[in-house]
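J.: Each chain, written out:
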Amino acid sequence: MRLRNHRNYAQLDLSPGPGVNVFIGANGQGKTNLLEAVAMLALSSSPRARRELELVGPVAPMARIEAEVESGGITAELAITLTVEGDRARRVIEVDGVRRRAFDLPGRFRVTLFWPDDLGLVKAGPELRRRFLNQMLVQIQPGYARALAGLKRVLEQRNSLLKRIAAGEEGGDVLEVWNQELVQLGGEVATARSAAVLELQPDAARYHAEIAGGERLEIRYEGPPQDLAEAVHNSLAEDLRRGSTTVGPHHDDLRVLLDGQEARAYSSQGQQRTAVVSLKLAEAALVARRTGERPVLLLDDVLSELDAERRAALLRQVAGEGQVIITSVEAGPFPPELIASAMVWTVHEGTIEACG
Amino acid sequence: MPQLPEPLERLIQELSRLPGIGPKTAQRLAFHLLRTDSQRASSLAHAIEDVKARIGYCERCYNIAEGSLCWICLSTRRDATLLCVVESALDVLAIERTAEFGGLYFVLQGVISPIDGIGPEQIHVPQLLERVRSEGVAEVIVATDADIEGEATALYLQRVLEPLGTKVTRPAHGLPVGGDLEYADELTLARAMSGRGTF
Ligand SMILES: [Zn+2]
Numbered sequence: 000m001r002l003r004n005h006r007n008y009a010q011l012d013l014s015p016g017p018g019v020n021v022f023i024g025a026n027g028q029g030k031t032n033l034l035e036a037v038a039m040l041a042l043s044s045s046p047r048a049r050r051e052l053e054l055v056g057p058v059a060p061m062a063r064i065e066a067e068v069e070s071g072g073i074t075a076e077l078a079i080t081l082t083v084e085g086d087r088a089r090r091v092i093e094v095d096g097v098r099r100r101a102f103d104l105p106g107r108f109r110v111t112l113f114w115p116d117d118l119g120l121v122k123a124g125p126e127l128r129r130r131f132l133n134q135m136l137v138q139i140q141p142g143y144a145r146a147l148a149g150l151k152r153v154l155e156q157r158n159s160l161l162k163r164i165a166a167g168e169e170g171g172d173v174l175e176v177w178n179q180e181l182v183q184l185g186g187e188v189a190t191a192r193s194a195a196v197l198e199l200q201p202d203a204a205r206y207h208a209e210i211a212g213g214e215r216l217e218i219r220y221e222g223p224p225q226d227l228a229e230a231v232h233n234s235l236a237e238d239l240r241r242g243s244t245t246v247g248p249h250h251d252d253l254r255v256l257l258d259g260q261e262a263r264a265y266s267s268q269g270q271q272r273t274a275v276v277s278l279k280l281a282e283a284a285l286v287a288r289r290t291g292e293r294p295v296l297l298l299d300d301v302l303s304e305l306d307a308e309r310r311a312a313l314l315r316q317v318a319g320e321g322q323v324i325i326t327s328v329e330a331g332p333f334p335p336e337l338i339a340s341a342m343v344w345t346v347h348e349g350t351i352e353a354c355g
Numbered sequence: 000m001p002q003l004p005e006p007l008e009r010l011i012q013e014l015s016r017l018p019g020i021g022p023k024t025a026q027r028l029a030f031h032l033l034r035t036d037s038q039r040a041s042s043l044a045h046a047i048e049d050v051k052a053r054i055g056y057c058e059r060c061y062n063i064a065e066g067s068l069c070w071i072c073l074s075t076r077r078d079a080t081l082l083c084v085v086e087s088a089l090d091v092l093a094i095e096r097t098a099e100f101g102g103l104y105f106v107l108q109g110v111i112s113p114i115d116g117i118g119p120e121q122i123h124v125p126q127l128l129e130r131v132r133s134e135g136v137a138e139v140i141v142a143t144d145a146d147i148e149g150e151a152t153a154l155y156l157q158r159v160l161e162p163l164g165t166k167v168t169r170p171a172h173g174l175p176v177g178g179d180l181e182y183a184d185e186l187t188l189a190r191a192m193s194g195r196g197t198f
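Chains A and B are the protein sequences, given in the same order. Heads up: the first sequence runs through residues 0 to 355, numbered per numbering that gives the first Met the number 0. Heads up: the second sequence runs through residues 0 to 198, numbered per numbering that gives the first Met the number 0.
No lab work stands behind these hints, which were simulated from the structure alone. Keep in mind that the hints are not guaranteed to be accurate.
[To be verified] Taking beta-carbon pairs under 10 Å as the criterion, some of the chain A residues facing chain B (in silico):
{"id": "1", "residue": "159"}
{"id": "2", "residue": "163"}
{"id": "3", "residue": "180"}
[As the list claims (entries may be wrong)] If you want the footprint, here are the derived chain B segments under chain A, 3+ residues with CB under 8 Å:
{"id": "4", "stretch": "105-116"}
{"id": "5", "stretch": "154-162"}
In this text, a Cβ means the ideal position worked out from N, Cα and C, and glycines have one as well.
Chain B extracted, bound-state conformation (with noise of 0.2 Å):
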């Protein structure tokens, strides 16, 4: 294969790096941006870099946030005794869409899985529970996927959230078993989340 130039080779490695991105995939992308006029490429450029110089995670629910504290948090139509544990941001995403749940989110940002290292510290298990201590939270919906690490990771949660005196339940039926919860329809997850159940 000829030589590319260095920039382009440089910019195609960059895409290729990115999730879902194969070699072919980077290379159509990098010949696309080449071909873009330069207003649009810098743009691009600038959204990337605005993203992760202003965008960081909420201190007290470590769900995306422009300040220290995520919009929900900062909402005061809030439900503060109910409280939705996901695994990712676009978790919850997933859930304000159905526009079916009003209470408030922790993010785990991950699942336990000993192969990656993953124990409940590095999901701030610990933060959790000092939450649900302090804040009188009354109901904790652990909305984990279904599948190995994510249930795993809701019995654990149940274990060590129960002997708190709060009542711990899961999205119930419906929930595509071993599924994503950021994939699953929003009328599925809507039924998920109000027939949620005690484990």
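The following block holds chain A by itself, in its conformation from the complex (with noise of 0.2 Å):
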């Protein structure tokens, strides 16, 4: 992997080993940054950056992350370059040198993440809870980056259009074939979310009990209508009066109870966390049973987080087989049996050295 200008890494070549790499260092040296990159070249974008001119690092108007990954026996180049135009980045997506759409580059090698945002994944707003299943989703299911990003631009669309409707500047007849195409996306959105969720379920739950000592784990798709097209038909007066859509899967959530009740509301920190350990571990192995490989996991500093109970259970799936990469600030929390079979790596001020 190789990272050029990319925040604060002017310039990085790293090898990380088939298991377990620890990359350890203070706060603000690059390790987020690292997991960041990593994250991009499998989901196409960077899953915490809100613009990405941000990362752009300071030594030059582009930035490039490469890598070359290996799944299912193929080998692939991947590459996002950013270059600076004017107050935003333009980015280019390569596979093989062979630019790609956005949409086509995630799927050819898959991570689950894990950082300190996803521990409010149970208590924060739907929108952290739909980004759990889409950054899952666009990595396994074929097509569903597309229509997940096809799907965003046609509400775009479609709320401008609201807008000049109401506004007077435009008659109402072109509104039905922005319906049409909500309905068509909306629909294979929300089915494959549909799916993944009933598939999440037994694993997610299964492990939950593990940890918490059979708490009962349930989770819930709450997706839209039934009959998407006679909602959006339905919504059409109260879309025009607020000028956006009220209806579809960009209001989705996915509810999570434990032992029957709302976590959200009557669950402790430490039972919503288990339940957020429990999801991502369902995730990965969700992935895995899908494509047949694991993903690599990249956990971000989450461990010093957890207790000790959680901590291990986390530990024991990590200890497993496949590529994992774990960012900490010390090397405290780890046993020494998976330090001592482990790459441990030093990151200092946007330099990464192999220790020992």
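Please dock the two separately framed chains into a single complex, following the hints provided.
T.: What follows is the structure, given as structure tokens:
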């Protein structure tokens, strides 16, 4: 893997080992930036940057992330280049030197990302839970990334049209075709999410019961109405009044219940975090089952946030086969036998060195 | 950065307004033009002026044209009952290269896009409907791109054209989903045109 001017990495060449890789460094040295770069190659965009411009480091008006990845016996060269153009950054994606659209990148190699943001998965707003499903599905479900990008565009166009119609700048006769596209793409997204949640459920429940002494975890997909076409039709007056689309998978949620109670409202922080760990482990298991290969686990500084039992449950899975990248402020939370078998690196001011 | 002489600065400015040309490339091109002999340079300047002075749009199909009609509308060998609707004149060139299509064209010069304030009127849909009505077109092939706006435009055209009793088709398989027609290779495009189906 090579980074050029990605955030605080002016230049980095790195060959992580096939097993557990532990990156240790103080805060602000570049641990998360490294994980972000790996995640971008799997997802096509940064899971945390608000604007791509912020990814471009101070050395040049251009940043590049590239890596050779191997999946299912097939090797591929993936590269993302960001070029500053005025007040934005233009993104170019290449696979084996050939330019590709953003939604064609995911699926070449897969990651399960777990970082401090995710600790709020149960407690925070529904957007985080939709992102959880999206990040998994773009990597394993052919066509999902395209449908999701399309849906986003349809919503932008439809919302803009609703405002124009309300302002009398446009007749209503064009709206129907945007409704059709909303129903088509929204249906694809909702079907994929619904199937994925059903598939996540048994593993998530099993992991949770193991860590939490038998507590029962249930997850339920709250998707758009079954007859999306009719719902879109019926919401027209409301949509026009608000100037935005009120029905569709962009309002979806994933409900999490513990022993039958809404976890958001009734569970302790500890129980919620157990549910998060269980969901993340179930995600990795689902990706492995669907693709026949374990995803690369990216664990950013989450171990220190977990108590001993939850940490042990996570590390049990980590110690299995497959590539893992963990960052931490200190070596403290890791069992000695894990450190002994891992490749350990130190991160300091945008440089990484092998340790020992 | 040192101040460049005004004419050079202006040339760089103009060049960097062109699509796909960043400030670096604009600079390189400007310095290249500076080195070019003056005959070459003025030939380029004249070519740009000529294209603006002499090329306009066909009154019948909105393709590029030197006179009031384009070379395709002027041809007597085209099948006037077959009409292919495309987004831009570049798409006409792409389809013509396949030599697979013998009908006439209608160039929308855009796609429906509320964000950009573009509706059916801006892409000449009323003129298209009038033409289909008055010229006895038997089949309209809607060859807009397969991206979100191209699909929306195709769906809209289907809705307004079918009541006129004309057959409306869409180039079939092979076109990359979400892809630009302009960039499809010739064989793929030829297959898509001949394998078109109804919606
Ligand atoms: Zn013409």
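J.: Quick one: which hint numbers does this structure break? Sort them smallest to largest.
T.: Checked against the structure, no hint fails, so every one of them is satisfied.
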